[in-house]
Amino acid sequence: MRYIWLIPLLPGIGAAVNGVLGIRSFSRRMAGAVAVTTMTAALALSLLAFWQLLGLPGDARAYDVTIADWIPPIPLATHDAIGLFHVTWGFRLDPLSGMMLLVVTGIGTLIHVYSTAYMADEPRGGVARFFCYLNLFCFFMLMLVLGNNFLVMFVGWEGVGLCSYLLIGYWYEKKSASDAGKKAFITNRIGDWGFILGVFLIYYTFGTLDFRAVQNAANTMPIEAAGFGVLSTICLLLFIGATGKSAQIPLYVWLPDAMEGPTPVSALIHAATMVTAGVYMLGRNAVLFQHAPQVMTIVAIVGVLTALMAASIGLVQNDIKRVLAYSTVSQLGYMFTAMGVGAFSAGAFHLMTHAFFKALLFLGSGSVIHAMGGEQDMRRMGNLKKYMPVTFATMMIGTLAIAGIVPFSGFFSKDEILFQAFLHNKAVWVVAVVTAAMTAFYMFRLMSMTFFGAYRGPAWESASHGAVAVAAAHGVPHPADPHAHGHGGQPTHEVSHGPSDTGLGHHAQAISHQPSAISHDAAVHDHGGGHGHGHWHGPHESPSPMTYPLMVLAVGAIVAGFVGVPAALGGGNTIEHFLEPSFTAERSDSGIADRGGRTAEPADIRNPQSAIPNESEPHASTGVELGLMAFSLLVAVAGISVAYKCYVTSPEISERLAERFAGAHRTLTNKYYVDELYNATVISGTMASGRGLWTFDRQVVDGAVNGTGWLTVISSFFSGVTDRSVVDGMVNLVGWIVQESSLAFRRVQTGLVQNYALLMLFGIFAFVGLYLFVR
Amino acid sequence: MITNTHYMLLSAALFMIGVVGVMVRRNIIIIFMSIELILNAVNINLIAFSAQLQNAVGQVFAIFVIAVAAAEAAVGLGIILAFYRNKETINIDEMNLMRW
Chain A
1 MRYIWLIPLL PGIGAAVNGV LGIRSFSRRM AGAVAVTTMT AALALSLLAF
51 WQLLGLPGDA RAYDVTIADW IPPIPLATHD AIGLFHVTWG FRLDPLSGMM
101 LLVVTGIGTL IHVYSTAYMA DEPRGGVARF FCYLNLFCFF MLMLVLGNNF
151 LVMFVGWEGV GLCSYLLIGY WYEKKSASDA GKKAFITNRI GDWGFILGVF
201 LIYYTFGTLD FRAVQNAANT MPIEAAGFGV LSTICLLLFI GATGKSAQIP
251 LYVWLPDAME GPTPVSALIH AATMVTAGVY MLGRNAVLFQ HAPQVMTIVA
301 IVGVLTALMA ASIGLVQNDI KRVLAYSTVS QLGYMFTAMG VGAFSAGAFH
351 LMTHAFFKAL LFLGSGSVIH AMGGEQDMRR MGNLKKYMPV TFATMMIGTL
401 AIAGIVPFSG FFSKDEILFQ AFLHNKAVWV VAVVTAAMTA FYMFRLMSMT
451 FFGAYRGPAW ESASHGAVAV AAAHGVPHPA DPHAHGHGGQ PTHEVSHGPS
501 DTGLGHHAQA ISHQPSAISH DAAVHDHGGG HGHGHWHGPH ESPSPMTYPL
551 MVLAVGAIVA GFVGVPAALG GGNTIEHFLE PSFTAERSDS GIADRGGRTA
601 EPADIRNPQS AIPNESEPHA STGVELGLMA FSLLVAVAGI SVAYKCYVTS
651 PEISERLAER FAGAHRTLTN KYYVDELYNA TVISGTMASG RGLWTFDRQV
701 VDGAVNGTGW LTVISSFFSG VTDRSVVDGM VNLVGWIVQE SSLAFRRVQT
751 GLVQNYALLM LFGIFAFVGL YLFVR
Chain B
1 MITNTHYMLL SAALFMIGVV GVMVRRNIII IFMSIELILN AVNINLIAFS
51 AQLQNAVGQV FAIFVIAVAA AEAAVGLGII LAFYRNKETI NIDEMNLMRW
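Line order of the protein sequences matches chains A and B. Just so you know, our numbering puts 688 at position 688 of the first sequence, and the rest follows in order with no gaps. Just so you know, our numbering puts 35 at position 35 of the second sequence, and the rest follows in order with no gaps.
Hints in this document: simulated from the structure, not taken from any laboratory. Take the hints with a grain of salt, since some may be wrong.
[What the hints assert, rightly or not] The following label-pair restraints were derived from C-beta to C-beta distances: (1) A:Phe762 / B:Ile2: 14 to 22 Å; (2) A:Ala744 / B:Glu88: 29 to 37 Å; (3) B:Glu72 / A:Met730: 27 to 35 Å; (4) B:Thr89 / A:Asp723: 44 to 52 Å; (5) A:Leu759 / B:Lys87: 45 to 53 Å; (6) B:Glu88 / A:Met730: 20 to 28 Å; (7) A:Met760 / B:Leu9: 22 to 30 Å.
On a predicted model such as this, the values are computed, not experimentally measured, just so you know. Beta carbons: idealized from backbone N, C-alpha and C, even for Gly.
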């Protein structure tokens, strides 16, 4: 455990190697191997560290490692004294970060493996770049998870945002992808603004940034039940940060657009890990939030509204990844609801189970997209369970898990949240249950449109037998697509890419074109188990590096819930007790901490608002809990059966409904016009103010500069005139006076030798005369 | 009897002829010749006194003067030649380059 700082470092090394050497010189296989190896090593270390953590007694499960000073102590003012601002590169392993650690490294490793197959058709340097970014993301994410103070966490926080931007814009030549990257980054910046302000205020209030020290200090402060004090302000600012990173109202708009990135990225970053960073951060600061009940209420309301809104949008989306994206937003809303009602461990539990089944669903959708040659529109799929049984089976498990069907993981975590919401606030519970029904509906809509019903996709080119024969052999009614046929078995094979040209395919084709004869045979075999390069030969099961992670995640999606079986079902709710120490202040903090410690009545600290008398009794009877479970199960089954009826048995129902409620349908399809609203208000406001400032700059600032320049020109003109007339005039005057006054004398100098001689003679005469006569 | 006075009168006459020649003539060659007259007037004086005083120094001086005059004539004729090549004249009035 002394070496937990190696866990983030290993993917960091992988990223450096792939970034410095890989992009220039590694083969695809080599780049993938480097990335997968470093992640596997990090996973092994994490498992070891986690094992050692489990070996410690329940109350002492925390381990701090400080590897270096980051900011040496410098004096800095706090609200009541001059404190020492001291930040170290400190890492902390405790139950909460341990759980996140396993999620990040475990799912991260699986997704790295999956990516080696998914990205196999990318150009060589691109694959290395992809793995470099992916490893770098894991580096920052692990930093975020393991950091033991706010600033180390902030490094990770910003770093994952950066990697998210890089990976969303991985296909940067596509304008929509680079736009989505920018949108994600800028939206996240707004949240980060709140987060860093919160960190400033934390230092100003507590004089330290260490998580544990801040929690202990906050624990001694009174609960701000009535007013909106400094703790509430801190929590609100931190929550703004969380809304950005975890895609909550009002900053959720970037996540659906982030689906422009490669699907493994969506699975790792935009479903399993990065977007849960906000939830993790709230859990990290549980003590702070417990002292700010009003902010907790805000969190719960925002969470549940996000859940409802995103789920309702997800009902009508047709892009398979967008449905999953809105589902992610919705599930994150659930987690925030849990946090908001004080059920921190339920939220963290749902975070973990969600990481499994949502990563599974995303990877499954990636497999489907891969099979369909880049097609993402579910209206052009259907009946795929015939062609990709493994993907179908695993995705079905994921769907059952997210819908909350009984033995699967989502059931336990979601019901825990629903139960806590029921105890805490009935209105929140009602919305959450409606959302649960919607979740079951849209997930089965997705499954039905993708895997059931009739095949609606484009026809594919057969090998040498002709399309009809193959289609018939697969039992598919032959799609009537006239230009798709007629090439089978002809030597002009390679000119046709098959009808997938008309799809959205962007990576499956156009990479390699072998000579026709070879690809012809290879493609025939590909159809069985491999993935077709160049030509699309109809939907097919994905290669094993893609299916094995799916199977592992499917197992995870089944068993992950068993660590949190509630007491009502005869389980011990292990995870809740395991995570509990991370959400409370230290017990050893003498008498005061006892109020927050586990020795006090647990409900008091877990549900501070339950201290308000008219709140319902937190320990509701087992019967109520069981009843709620049965009810939510019923709701989920109802959602599933409605979806099955609408999309499998009689598909015309959904169309009729869409026509009947055209207005509502249009609103949902257009995502409540939130993007348009933001465009009309915030974005155009920013643009207008920018333009205003630009005008100000051009008119006033530039005007002042130009005016100064103009004044200089004018004044220098006058000083030039003065110089030329007055100064030069005086000099010239002196010269002229000298010249004129010398006129008389200079005549003497005739230049004629005889004149000089004459003068000399006269001189001699004069001197001789003087000598002779005057004496 | 020819006395020292006669020599000195001759010398003075020659000197005055030379001086007037230098002053009034415009041809630089004539001026040169006038200068030679002046020098030789001096020589006559020197030799006359040398003979009277029975002292050879005066004669030595005269010989020196002749040598210097020869050198001076060489230099002067060189200048005159150069001047003539430039101005195509030997009129002294044209030699006024050192004017103001």
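Hints and how they fare:
1. A:Phe762 / B:Ile2: 14 to 22 Å: violated (34 Å)
2. A:Ala744 / B:Glu88: 29 to 37 Å: holds (34 Å)
3. B:Glu72 / A:Met730: 27 to 35 Å: violated (51 Å)
4. B:Thr89 / A:Asp723: 44 to 52 Å: About 49 Å separates the Cβ atoms of threonine 89 of chain B and aspartate 723 of chain A, which means 44 to 52 Å holds.
5. A:Leu759 / B:Lys87: 45 to 53 Å: With Cβ atoms ~25 Å apart, the hint is violated.
6. B:Glu88 / A:Met730: 20 to 28 Å: violated (47 Å)
7. A:Met760 / B:Leu9: 22 to 30 Å: holds (24 Å)
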